[in-house]
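Undergrad: Letter by letter, the chains look like this.
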Amino acid sequence: MQATYILWLRQIIKYWRSKPRIFASLAQPLLFLVAFGYGFGPVFAKGGGGSYINFLAPGIIGMGIIFSAMFAGIEVIWDRQFGFLKETLVAPVSRFSIALGRTLGGATIATFQGIVVFFLSMLFGFKPSHISSLPLLLVAMFAIATLFTALGTAIAVRMRDMQAFPIIMNFIMMPLFFLSGALFPLEGLSKGMTAFIKWNPLSYGIDAIRGLLSGVYHFNLTTDIWTIVLAAVIALIVATELFSKIEA
Amino acid sequence: MEDAVLVKNLTKKFGKFTAVDDISFSVPQGSIFAFLGPNGAGKTTTIKILTTLLDKTSGSASVCGHDVAHHKKVVRKSFGICFQDQSLDDDLTAFENMDFHGALYGLSKSVRRKKMDELLALVDLSDRKKDLVRNYSGGMKRRLELARSLLHEPKILFLDEPTLGLDPQTRNHIWDYIKKLSSDHGMTIFFTTHYMEEASRMADHIAIIDHGRIIENGTPDDLIARSGAENLEDAFLKLTGESIRDDGAGALDGLRQGMRVWAGKK
Numbered sequence: 001m002q003a004t005y006i007l008w009l010r011q012i013i014k015y016w017r018s019k020p021r022i023f024a025s026l027a028q029p030l031l032f033l034v035a036f037g038y039g040f041g042p043v044f045a046k047g048g049g050g051s052y053i054n055f056l057a058p059g060i061i062g063m064g065i066i067f068s069a070m071f072a073g074i075e076v077i078w079d080r081q082f083g084f085l086k087e088t089l090v091a092p093v094s095r096f097s098i099a100l101g102r103t104l105g106g107a108t109i110a111t112f113q114g115i116v117v118f119f120l121s122m123l124f125g126f127k128p129s130h131i132s133s134l135p136l137l138l139v140a141m142f143a144i145a146t147l148f149t150a151l152g153t154a155i156a157v158r159m160r161d162m163q164a165f166p167i168i169m170n171f172i173m174m175p176l177f178f179l180s181g182a183l184f185p186l187e188g189l190s191k192g193m194t195a196f197i198k199w200n201p202l203s204y205g206i207d208a209i210r211g212l213l214s215g216v217y218h219f220n221l222t223t224d225i226w227t228i229v230l231a232a233v234i235a236l237i238v239a240t241e242l243f244s245k246i247e248a
Numbered sequence: 249m250e251d252a253v254l255v256k257n258l259t260k261k262f263g264k265f266t267a268v269d270d271i272s273f274s275v276p277q278g279s280i281f282a283f284l285g286p287n288g289a290g291k292t293t294t295i296k297i298l299t300t301l302l303d304k305t306s307g308s309a310s311v312c313g314h315d316v317a318h319h320k321k322v323v324r325k326s327f328g329i330c331f332q333d334q335s336l337d338d339d340l341t342a343f344e345n346m347d348f349h350g351a352l353y354g355l356s357k358s359v360r361r362k363k364m365d366e367l368l369a370l371v372d373l374s375d376r377k378k379d380l381v382r383n384y385s386g387g388m389k390r391r392l393e394l395a396r397s398l399l400h401e402p403k404i405l406f407l408d409e410p411t412l413g414l415d416p417q418t419r420n421h422i423w424d425y426i427k428k429l430s431s432d433h434g435m436t437i438f439f440t441t442h443y444m445e446e447a448s449r450m451a452d453h454i455a456i457i458d459h460g461r462i463i464e465n466g467t468p469d470d471l472i473a474r475s476g477a478e479n480l481e482d483a484f485l486k487l488t489g490e491s492i493r494d495d496g497a498g499a500l501d502g503l504r505q506g507m508r509v510w511a512g513k514k
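Going line by line, the protein sequences match chains G and L.
Going by the working numbering, the first residue of the first sequence is number 1, and it counts up by one from there.
Going by the working numbering, the first residue of the second sequence is number 249, and it counts up by one from there.
Don't read these hints as lab results, they were simulated from the structure.
Please note: incorrect hints may appear among the correct ones.
[To be verified] Here are the simulated DSS-like pairs of lysine-lysine, each with C-alpha atoms no more than 27 Å apart in a straight line: (1) Lys256(L) <-> Lys245(G); (2) Lys486(L) <-> Lys86(G); (3) Lys245(G) <-> Lys325(L); (4) Lys362(L) <-> Lys198(G); (5) Lys86(G) <-> Lys377(L); (6) Lys357(L) <-> Lys14(G); (7) Lys245(G) <-> Lys261(L); (8) Lys363(L) <-> Lys14(G); (9) Lys325(L) <-> Lys86(G); (10) Lys357(L) <-> Lys86(G); (11) Lys261(L) <-> Lys86(G).
Taking the hints into account, I'd like the entire structure generated from these sequences.
TA: What follows is the structure, given as structure tokens:
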């Protein structure tokens, strides 16, 4: 327990000390919010969809979460490169508690980033119309964060070079993000796209955030929360299992 | 007296490459043991197996009476290690690096804070403990790693090239700490080095490993006498040859492996 707490704390301290990282990881979501929000706003309104910023902001909050989460997971590669990983691997604690601390630390940071994006998007004109449950909103955000930190960890455990990071971004993160309903409504799409979206756990996470902030769901709240929590738990188990097999 | 390290027929293969080839040796408790060999000879691999970072392919190894493959947790509690390349977190302060280590080893806050004060004083870092480690010099980092590895009062200390890249002053300091630990606390010291003079001055016992096999084993004087050399450096060169080695499993190792297989078939 102490080991899990210490590794969680380490992530938080490191995050807090790295101000450039905080700002850099907020820049991308904000760019999307401004470029897409103001760019597609008029078309969206003409098509009868109402305020695009209001539709888009929950997706961008999700984006803020998944990118910092994935980055936190990938840190295993950094720690391997710069040696700290060995220090934890020779300690008399289970690999499970190490992986758990790291993942929860990364997830906490990512959730915090999501909250920051939420407030920033309000500065850019986002008006949440119907905040039904703040605790559930946090659950949804933390579940998305855990899912993607665990995913990042699972990938990083199997990889040794940092150069592969952009490739992961392009081949895993972008499709999951673009085809999650973060940017456009899920109604009336082609069959193939609908199928992908249905199997993408992030779709449910985004839907939960959007629903909890607007009252309108594509799926429904129960399905959303259970799907994303279940996906997070499975990813966490897989990541800790892979992490426990690490050889330095 | 019980052996602090006992290795029997230990072998480690990476695919087709044999990094450690059927080695056996022991290190008596409380002694200072030097594990020498050219680059890529199998030293670090052996240390990684002894410190539970790698699993062996066959044979057995125990540290402080516990098998490293089956009693990982007890073994991990019993040793401290300074790695060849640093394992500190640069983004944390010296204090935090120490404190987190203590917490990982299950020490309560009051116990670890008291121990930390002692150890940081021992390595002369007390007044820099609030600095981020990234601002430390190489020698300071090494001293901090040493202090950290002692925090949980290990019975045996593994030092993988503890003085590599350090100036003579720092090297002497580090060795003073290490000798003090050995004489005052009866701590077993297991170290590797490329400085032969250091090994012959500090070690009670020496084992020389090359191509994954132990080729000599004994006190520094024994080794020098047996090889008919003037000093340990000459003895080392006589035993391991003059050719320059590649680090790790490079092309030469592959070639060597091929030749060994071929020789075996003949």
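Undergrad: Give a verdict on every hint.
TA: Evaluation of the provided hints:
no., hint, in the structure
1, Lys256(L) <-> Lys245(G), "25 Å, holds"
2, Lys486(L) <-> Lys86(G), "35 Å, violated"
3, Lys245(G) <-> Lys325(L), "20 Å, holds"
4, Lys362(L) <-> Lys198(G), "56 Å, violated"
5, Lys86(G) <-> Lys377(L), "22 Å, holds"
6, Lys357(L) <-> Lys14(G), "21 Å, holds"
7, Lys245(G) <-> Lys261(L), "17 Å, holds"
8, Lys363(L) <-> Lys14(G), "25 Å, holds"
9, Lys325(L) <-> Lys86(G), "15 Å, holds"
10, Lys357(L) <-> Lys86(G), "23 Å, holds"
11, Lys261(L) <-> Lys86(G), "21 Å, holds"
Checked against the numbered hints listed earlier, the structure breaks hints 2, 4; every other hint is satisfied.
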